[in-house]
Amino acid sequence: MPTNAPEPQPASEVSDKGAAAVRFRGVHKAFGDNVVLRDLDLNVEPGERVVIIGPSGSGKTTILRVLMTLERPDGGTITVGGRHLYHEEGRDGSLRPAGEKHIRSVRSDIGMVFQHFNLFPHMSALENIMLAPVQVHGKSKSEARALGLELLEKVGLAEHANHTPGELSGGQKQRVAIARSLATDPAVMLFDEVTSALDPELVGEVLSVLRDIAEEGSTTMLLVTHEMGFAREVADRVLMFDQGQILEDGTPEEILRNPQEQRTKDFLGAVFEH
Amino acid sequence: MTAAPPSTSISEAPAGGRHRRWYRDPGRLVPVLLVLLGFAVLASVEAPRGRFRTDVIAGRDEAFSFEFAVSIIAPLGRGLYTTARATVLAFTITLVLGLVLALLRRSGSRLVRWPAAFVIEFIRSTPILVQFIFFQQLVRAIDGVSLGAVQILILVLGVHYATYASEAYRAGIDSVPKGQWEAAIALNLSPLTTWTRIVIPQAVPNVLPTLGNYLVAALKDAPIAGPVLGVPGILFAATAIRGDTFRQVEPFLLAGAGFLLVSLPAAWLVRRLEARVAYERT
Ligand SMILES: Nc1ncnc2c1ncn2[C@@H]1O[C@H](COP(=O)(O)OP(=O)(O)O)[C@@H](O)[C@H]1O
Ligand SMILES: [Mg+2]
Numbered sequence: 008m009p010t011n012a013p014e015p016q017p018a019s020e021v022s023d024k025g026a027a028a029v030r031f032r033g034v035h036k037a038f039g040d041n042v043v044l045r046d047l048d049l050n051v052e053p054g055e056r057v058v059i060i061g062p063s064g065s066g067k068t069t070i071l072r073v074l075m076t077l078e079r080p081d082g083g084t085i086t087v088g089g090r091h092l093y094h095e096e097g098r099d100g101s102l103r104p105a106g107e108k109h110i111r112s113v114r115s116d117i118g119m120v121f122q123h124f125n126l127f128p129h130m131s132a133l134e135n136i137m138l139a140p141v142q143v144h145g146k147s148k149s150e151a152r153a154l155g156l157e158l159l160e161k162v163g164l165a166e167h168a169n170h171t172p173g174e175l176s177g178g179q180k181q182r183v184a185i186a187r188s189l190a191t192d193p194a195v196m197l198f199d200e201v202t203s204a205l206d207p208e209l210v211g212e213v214l215s216v217l218r219d220i221a222e223e224g225s226t227t228m229l230l231v232t233h234e235m236g237f238a239r240e241v242a243d244r245v246l247m248f249d250q251g252q253i254l255e256d257g258t259p260e261e262i263l264r265n266p267q268e269q270r271t272k273d274f275l276g277a278v279f280e281h
Numbered sequence: 057m058t059a060a061p062p063s064t065s066i067s068e069a070p071a072g073g074r075h076r077r078w079y080r081d082p083g084r085l086v087p088v089l090l091v092l093l094g095f096a097v098l099a100s101v102e103a104p105r106g107r108f109r110t111d112v113i114a115g116r117d118e119a120f121s122f123e124f125a126v127s128i129i130a131p132l133g134r135g136l137y138t139t140a141r142a143t144v145l146a147f148t149i150t151l152v153l154g155l156v157l158a159l160l161r162r163s164g165s166r167l168v169r170w171p172a173a174f175v176i177e178f179i180r181s182t183p184i185l186v187q188f189i190f191f192q193q194l195v196r197a198i199d200g201v202s203l204g205a206v207q208i209l210i211l212v213l214g215v216h217y218a219t220y221a222s223e224a225y226r227a228g229i230d231s232v233p234k235g236q237w238e239a240a241i242a243l244n245l246s247p248l249t250t251w252t253r254i255v256i257p258q259a260v261p262n263v264l265p266t267l268g269n270y271l272v273a274a275l276k277d278a279p280i281a282g283p284v285l286g287v288p289g290i291l292f293a294a295t296a297i298r299g300d301t302f303r304q305v306e307p308f309l310l311a312g313a314g315f316l317l318v319s320l321p322a323a324w325l326v327r328r329l330e331a332r333v334a335y336e337r338t
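So the protein lines, in turn, are chains A and B. Mapping of the first sequence onto our numbering: position 205 corresponds to residue 212, and the numbering continues sequentially without gaps. Mapping of the second sequence onto our numbering: position 76 corresponds to residue 132, and the numbering continues sequentially without gaps.
Keep in mind that the hints are not guaranteed to be accurate.
To be verified - Sample of chain A residues at the chain B side, in silico, Cβ under 8 Å:
hint: 1; residue: Met119
hint: 2; residue: Thr191
hint: 3; residue: Ser225
hint: 4; residue: Thr226
Rather than coming from a laboratory, the hints here were simulated on the basis of the structure. Where a beta carbon is used, it is the ideal one built from N, C-alpha and C, also for glycine.
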């Protein structure tokens with residue numbers, strides 16, 4: 008609820024439309040005394056694939072959740088495709104806290120895939136995927152069904168359309184969840200450790216779907232993951248996150264092979280040990 | 057597409073059966089029809105006319121008289137029908153109003169939440185007998201409103217159990233994992249869609265066992281109103297027969313059996329319903 012609305016920033020900084028897919032400016036988020044995001048600035052270009060790494064509790068999930076509007080920031084501004092997420096812009100460029108309607112409208116550009124899938128257990132795989140296209144995008148049942156089947160095909164689950172999540176393996180569930188998010192055609196997709204709840208032998212099938220999405224190239228992707236091989240392969244950029252701030256920002260080569268900061272080295276050392 | 061779906065054995069079996077309509081399944085359809093038929097038979101019996109008389113007068117000293125028992129089945133059956141029908145109608149109110157109260161109590165606005173909580177707690181913590189009498193007097197006091205005894209029974213019983221049901225619904229709603237709400241936000245579903253398509257369908261199966269118990273409890277509470285309001289229900293009928301014949305073993309024994317006749321199938325139906333709406337939680 009925008010009672011604790013972020014401090015507006017000068018409008019000149021964000022009025023260049025068509026610029027960043029995602030832009031954080033001075034974003035601040037605390038849970039009680041625990042400051043999780045400190046004055047965070049972040050730019051993600053359209054179509055860019057950004058992998059976020061960092062130790063547990065450093066605030067990686069919170070970045071994605073704030074962007075998905077699952078948490079409200081305490082301060083700063085966020086734009087998605089040039090539009091303010093939590094603010095409405097007056098004619099004179101001044102910012103005021105946005106209402107639910109505005110937030111919903113901007114939010115339609117964002118999709119998220121969760122660590123624990125969060126599929127709707129009382130619906131079949133196909134119904135999970137069809138729900139938003141029918142209810143939110145006003146598609147007809149048959150259009151949505153065609154789209155759903157196409158997406159299930161794409162994630163390799165065409166013959167599981169009528170199965171409920173309870174009848175699917177973890178890897179299959181996560182692929183359905185990805186298809187469900189794709190069905191809303193978001194410009195920006197967020198992936199929060201989407202393979203870490205899976206048995207090791209099921210990780211590959213999910214990563215392969217992510218690779219396919221990345222190869223198509225038009226979707227902006229923000230991925231939190233500990234799969235460093237995958238990060239190196241897919242990412243345009245890697246962000247090393249620590250204590251609510253970006254510690255290092257560079258190409259996968261720079262960050263993963265040749266980190267500058269001691270804490271990045273320690274973190275990567277710990278990850279590769281496993 | 058490189059990811060090959062590992063085909064598991066469970067993946068084949070339930071695909072077709074899951075979405076078969078319940079009425080296509082004889083195992084479900086037949087009992088439902090039997091219960092409906094029972095109600096229809098009871099309903100078709102001539103409406104009660106005040107007193108319950110039977111031509112068979114058994115001697116006072118006699119032991120259980122089978123002939124006498126058979127002769128009072130019809131008036132008791134009519135009473136049972138009145139009681140059961142009032143309970144079913146009352147419970148319809150319970151199911152809907154209970155959900156509304158639960159939603160009001162979860163409202164973001166204190167102006168809504170607090171009065172709802174007060175009404176729920178107030179009704180839950182006063183005896184239903186008092187509520188019957190109070191409501192009857194209230195109806196009498198208000199000009200232009202006239203409700204029959206059965207209507208008062210239905211309203212009071214329905215509202216009384218709605219306050220219990222609202223707490224059950226609330227627990228059911230709270231049992232829906234946070235991740236479900238978050239997935240709904242990530243898909244940009246409207247609040248209405250989130251409630252009707254995601255939350256309520258998952259909350260209701262969790263609530264069904266409790267609601268089933270309340271239905272049986274309501275059935276047992278319904279005849280309490282009989283003597284107070286003058287509802288010609290089953291206990292009222294049994295009492296009338298005792299008054300006429302000075303025999304109480306047969307009418308009250310049969311009345312008890314009558315309750316079983318309704319509550320056992322009701323409990324069984326609720327269990328079947330539970331099994332039907334259950335889904336594997338993930
Ligand atoms: N809803 C919440 N309430 C309180 N503290 C939270 C909440 N969500 C996250 N935190 C805290 O914020 C910090 C960052 O969490 P998170 O963003 O999940 O980190 P990461 O994903 O990098 O492991 C942690 O200290 C965590 O305990
Ligand atoms: Mg996390």
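*Using 8 Å as the Cβ threshold, decide whether Thr191(A) counts as touching chain B.*
Thr191(A) check passes; min Cβ-Cβ to chain B is 6 Å, inside 8 Å.
*Are Met119(A) and chain B close enough, Cβ to Cβ, to be under 8 Å, as the hint says?*
holds, 4 Å
*asked:* Under 8 Å is the threshold here; is the Cβ of Ser225(A) close enough to any Cβ of chain B for the hint to stand?
replied: violated, 18 Å
*Against chain B, with CB atoms and a cut of 8 Å, does the hint on Thr226(A) hold up?*
violated, 15 Å
Violation of the numbered hints given earlier is confined to hints 3, 4; the remaining hints are satisfied by the structure.
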